[in-house]
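Residue numbers (our numbering), protein chains in the order written: chain A, 1 to 313; chain B, 1 to 313; chain C, 1 to 313; chain D, 1 to 313.
A few of these clues could be false.
Each pair may be met inside one copy or between any two copies, as identical chains are not told apart.
[Unchecked claim] Here are the computed lysine to aspartate or glutamate pairs in the EDC-like style, where the Cα-Cα straight-line distance is at most 20 angstroms: (1) Lys304 with Glu232; (2) Lys304 with Glu18; (3) Lys304 with Asp84; (4) Lys304 with Glu34.
The set of hints was computed from the structure by calculation and includes no laboratory data.
Computed from a prediction, not measured in an experiment: that's the story for all the values here.
Here is how the chains run, residue by residue.
4 protein chains.
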Amino acid sequence: MSRTVTDLDAAVNEIADEMRRRPDRGEVAAYIPELARVDPGAFGLVVIAADGHVAAAGDCDTPFSIQSISKVFTLTLALGMVGDRLWRRVGREPSGSPFNSIVQLERERGVPRNPFINAGAIAVTDLILSGHQPREALGEILRFMQFLARDASITIDEAVAASEQRTGFRNIALANYMKSFGVVDNPVDYTLGVYFHHCAISMSCRQLATAGRFLAHSGRDPETGLSVVQVERARRINAVMLTCGHYDGSGEFAYRVGLPGKSGVGGGILAVAPGRGSIAVWSPGLDASGNSHLGRAALERLTKRLGWSIFGL
Amino acid sequence: MSRTVTDLDAAVNEIADEMRRRPDRGEVAAYIPELARVDPGAFGLVVIAADGHVAAAGDCDTPFSIQSISKVFTLTLALGMVGDRLWRRVGREPSGSPFNSIVQLERERGVPRNPFINAGAIAVTDLILSGHQPREALGEILRFMQFLARDASITIDEAVAASEQRTGFRNIALANYMKSFGVVDNPVDYTLGVYFHHCAISMSCRQLATAGRFLAHSGRDPETGLSVVQVERARRINAVMLTCGHYDGSGEFAYRVGLPGKSGVGGGILAVAPGRGSIAVWSPGLDASGNSHLGRAALERLTKRLGWSIFGL
Amino acid sequence: MSRTVTDLDAAVNEIADEMRRRPDRGEVAAYIPELARVDPGAFGLVVIAADGHVAAAGDCDTPFSIQSISKVFTLTLALGMVGDRLWRRVGREPSGSPFNSIVQLERERGVPRNPFINAGAIAVTDLILSGHQPREALGEILRFMQFLARDASITIDEAVAASEQRTGFRNIALANYMKSFGVVDNPVDYTLGVYFHHCAISMSCRQLATAGRFLAHSGRDPETGLSVVQVERARRINAVMLTCGHYDGSGEFAYRVGLPGKSGVGGGILAVAPGRGSIAVWSPGLDASGNSHLGRAALERLTKRLGWSIFGL
Amino acid sequence: MSRTVTDLDAAVNEIADEMRRRPDRGEVAAYIPELARVDPGAFGLVVIAADGHVAAAGDCDTPFSIQSISKVFTLTLALGMVGDRLWRRVGREPSGSPFNSIVQLERERGVPRNPFINAGAIAVTDLILSGHQPREALGEILRFMQFLARDASITIDEAVAASEQRTGFRNIALANYMKSFGVVDNPVDYTLGVYFHHCAISMSCRQLATAGRFLAHSGRDPETGLSVVQVERARRINAVMLTCGHYDGSGEFAYRVGLPGKSGVGGGILAVAPGRGSIAVWSPGLDASGNSHLGRAALERLTKRLGWSIFGL
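Could you build the full structure based on these sequences and the hints that come with them?
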């Protein structure tokens with residue numbers, strides 16, 4: 001085993017150890033019982049290097065609700081389906097607002113600022129749906145995740161999806177608001193049904209890091225050699241993740257971690273080090289912006305130690 | 001001469017040739033006569049690689065008004081003077097608003113979103129001033145630019161500064177607004193005097209690319225070996241440039257160019273390719289967001305050709 | 001017949017004649033086919049003086065969709081049911097925004113600015129519903145209108161209600177948004193069902209002017225002597241009508257007409273001259289703010305001629 | 001003495017007695033020392049009926065800083081000078097925002113919502129100034145106040161004006177912001193100099209109630225018979241006072257008091273009962289919206305007792 005690999009393993013293990021001991025863990029999302037029930041002490045970290053070496057520590061095989069991390073994959077899938085005309089429905093600028101803000105939608109006539117705020121992800125889901133039955137669209141998204149993670153056992157947590165559907169009034173508001181401007185084509189119930197379900201996909205850090213490898217390696221799975229997206233598109237998805245991946249905490253994440261990344265309220269974060277590796281971290285407690293508190297701390301530590309920041313050593 | 005160097009020269013020359021021929025040149029800033037008077041056909045491009053090789057083309061030695069590009073250097077200087085307590089006065093999140101918006105200041109009690117919108121740069125200038133005479137503070141900024149560019153001939157265009165001072169009502173509004181919240185300490189006239197003058201510094205692409213080298217090389221001038229800022233700080237300044245360097249066109253710049261960069265209404269852009277090189281481009285015509293139209297086009301072409309995007313090959 | 005009465009008749013007839021001849025008639029609301037189908041040339045005007053004399057002209061017995069004018073009556077009904085605790089759910093300040101704005105709701109945590117913008121009227125409808133079946137609540141509202149207008153033939157236009165329900169995405173957004181803050185208690189479908197239906201009540205100018213008499217006469221029907229609301233409450237409903245009754249055209253209406261009033265997109269306006277009379281006018285064409293163009297013009301003419309402005313002769 | 005007069009005297013005396021005993025007095029404005037120094041226990045109330053009878057109680061002859069109440073008189077003066085083209089510079093809709101908000105100015109390109117928020121009053125002052133020397137314009141305003149109050153002893157408190165000028169950063173911001181849109185013509189310093197000085201006029205309740213009489217009586221001083229403004233203009237100024245006279249507390253004032261009125265942070269309120277009388281009240285403690293706490297309470301009591309609300313008995 002090369003020296004680099006040993007270093008990577010050591011880094012991952014030491015950071016995971018430290019994080020598991022830290023008393024400051026943030027607050028677990030509590031707006032639905034299924035998320036509130038998660039063990040706040042859980043912590044998982046997986047890094048898959050360019051050469052395929054996997055460094056894993058902690059609860060790295062425990063599935064958790066990926067929530068908004070799914071938005072990276074639905075964006076990828078939708079770009080594959082409709083190409084750059086996707087950008088007529090969704091912008092790619094940071095919003096300067098919380099994840100569920102509706103203010104910007106009114107000012108900009110129903111066009112969401114970017115695909116990673118809730119409104120934008122709903123508009124992207126609507127493009128994937130485009131006339132099909134919700135069940136089919138959802139199947140396509142799930143199969144895409146299974147393909148990327150090379151694991152057919154990945155499923156949707158129906159209880160989470162049902163809870164979101166019952167209580168997601170703000171998302172219902174966003175979708176209807178966009179519908180009033182013609183930015184949502186399908187029946188709102190259909191689009192939201194698919195949206196709530198893909199947010200409820202359960203994955204482990206290992207599965208997530210595997211699924212994200214194409215973004216670190218020019219759009220191609222470095223092991224199978226299969227191309228997922230064109231090289232330029234991978235680069236651009238990373239750019240949008242960097243500027244918009246953490247709502248109104250995106251600047252802070254870029255400043256501290258220095259990698260494109262996408263977080264979810266389930267406590268997961270997927271981060272991409274172009275040319276170097278794919279990283280997934282999970283710790284359920286969130287900070288004030290709704291991003292995993294220890295997840296970000298671990299990534300900050302990791303990029304500094306490995307010199308993986310895209311902004312310099 | 002290495003093959004890479006030859007490639008770099010070829011790329012720079014070909015891109016400059018193409019840009020000089022393009023009919024779509026954007027609109028030259030016209031709010032003050034001194035800027036309106038510039039030749040819209042001008043185009044300059046300079047890349048300084050890690051090994052010190054300089055590839056230059058076009059009007060690469062013509063000085064132009066660097067305007068907001070100066071904000072990168074005043075941020076660097078102010079961080080050196082007051083350290084991270086600078087961030088109590090200025091945030092580091094994208095604003096989602098135009099460069100001169102005042103709306104966000106009202107919502108967030110006078111604290112600007114980031115150091116690269118006008119309000120934020122005025123607050124940073126106020127920190128540099130901090131009790132000194134405007135003349136001294138301005139001297140310090142100018143000497144810092146001369147030191148970084150290794151060129152003592154760099155000067156301030158007094159006519160530009162005087163014009164801005166006479167007509168900069170919106171900046172006067174921003175400064176007084178922050179003053180009402182205690183975010184500006186010094187007399188508003190002093191702070192704005194320094195601000196308008198450092199925006200009126202004239203530099204050529206060659207000088208600008210030289211001055212920006214420390215950001216591409218871990219905070220250190222790779223030739224002299226002198227450290228300008230700590231490695232971590234250089235990385236972080238780059239991160240803020242990437243997320244906030246082009247106002248509400250920052251997402252678009254990251255998406256298309258994939259490098260940290262800062263533009264000015266004089267038509268210049270400074271871009272940083274960490275570990276690879278420092279780039280300055282100048283073309284006076286602006287796009288709708290106030291960024292150099294051909295400058296960005298040239299950078300998009302260049303990073304694609306050289307594979308210098310921080311988001312992947 | 002007194003001289004005043006003769007004058008009133010003359011004024012009403014002359015103004016109606018003039019309005020029927022005017023070529024500038026505004027634009028008929030076209031967002032649902034049922035409203036678009038109305039004759040743009042229609043014009044009706046009814047004034048009922050304190051002594052019960054009725055001056056009527058034009059299409060004064062043609063029923064039209066009262067739309068937002070119903071909000072005055074649901075507010076009255078809800079105040080009767082829950083008293084001043086209604087004001088915990090709805091403010092009473094002008095919004096400075098269009099009728100269907102959602103921006104203010106985000107800033108003020110789901111509490112609508114006043115009961116006459118859509119969000120506020122939906123919140124009021126939710127209070128009337130409060131646990132009952134939609135059918136019952138709607139029956140109560142309809143019976144209240146029939147009672148006030150002393151006409152049991154008043155009905156709901158089911159085609160209008162069904163159209164609104166099918167296309168009212170923005171209202172669905174508003175209701176779900178408030179629901180997410182707990183400002184709507186009942187299932188959103190129930191509340192909106194009642195809301196869309198009471199907006200679809202059809203009434204003539206004669207019926208509407210009759211129904212509004214209690215507001216002009218200290219909360220009491222001057223003919224039957226029956227008290228509808230306490231004197232202070234009538235006064236206060238008038239105050240809210242004056243400051244908020246015409247969305248972001250409320251200041252203009254107060255400035256030009258000088259009476260409390262409430263308009264609807266069906267082209268009707270109910271206006272109240274305290275101590276003097278109740279006025280209903282109908283002309284389907286709307287101005288840019290969504291208020292009846294000739295309706296307002298007629299009221300401006302009428303109050304000037306009769307000296308009925310509450311702001312002086 | 002008529003029975004009405006006796007009643008009026010009794011009402012004024014009883015209300016003043018009650019108010020002077022109330023322990024809840026609000027907070028005296030403290031942003032400049034000259035205002036902070038005022039006795040919080042002061043209370044004055046003057047009503048001048050249509051027949052000229054003056055009912056006065058408490059500190060009715062103590063001069064206080066009229067502050068924003070001056071905006072009613074500068075509006076009147078400016079309308080006399082430039083007529084209805086004033087409304088090209090200033091709107092007449094409620095703003096839905098605090099007195100010193102700048103947000104709306106950005107959205108609406110520098111045109112203030114109405115003449116009674118700070119920005120609007122500054123724009124009105126700029127129209128009065130229109131090319132003259134500040135000293136002349138100020139002299140004109142002061143002479144107008146002396147004429148209306150029939151008292152040549154009214155003066156400007158220079159210490160108050162100087163303090164405002166030294167610390168009024170937010171107003172300086174507003175004026176420069178409007179200047180950037182061309183809504184302010186004169187040098188900002190000139191316009192603000194006049195503005196700060198007319199806000200610093202000192203008047204007693206007796207002087208203020210006298211000066212406001214023309215608004216209650218169709219634009220004419222009922223005693224001298226002199227016409228100040230046309231009848232229609234008086235009516236319209238009252239309308240703007242009702243919808244906009246108390247910033248984002250205007251709806252509340254209309255709801256509780258039911259009269260057109262204008263408050264100032266010095267604790268004074270001028271209220272107008274069309275056809276009935278002119279009222280001035282003064283109590284320095286303010287509520288959260290910046291309006292006199294006991295002043296409004298006294299007016300609420302008074303209009304209820306006298307049946308003077310414009311919205312019904």
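Okay, the hints, checked on the actual structure:
no.: 1; hint: Lys304 with Glu232; in the structure: between (27 angstroms within a copy, 9 angstroms between copies)
no.: 2; hint: Lys304 with Glu18; in the structure: within (15 angstroms within a copy, 40 angstroms between copies)
no.: 3; hint: Lys304 with Asp84; in the structure: between (35 angstroms within a copy, 18 angstroms between copies)
no.: 4; hint: Lys304 with Glu34; in the structure: neither (34 angstroms within a copy, 45 angstroms between copies)
Going through the hint list in order, the structure does not satisfy hint 4, though it satisfies all others.
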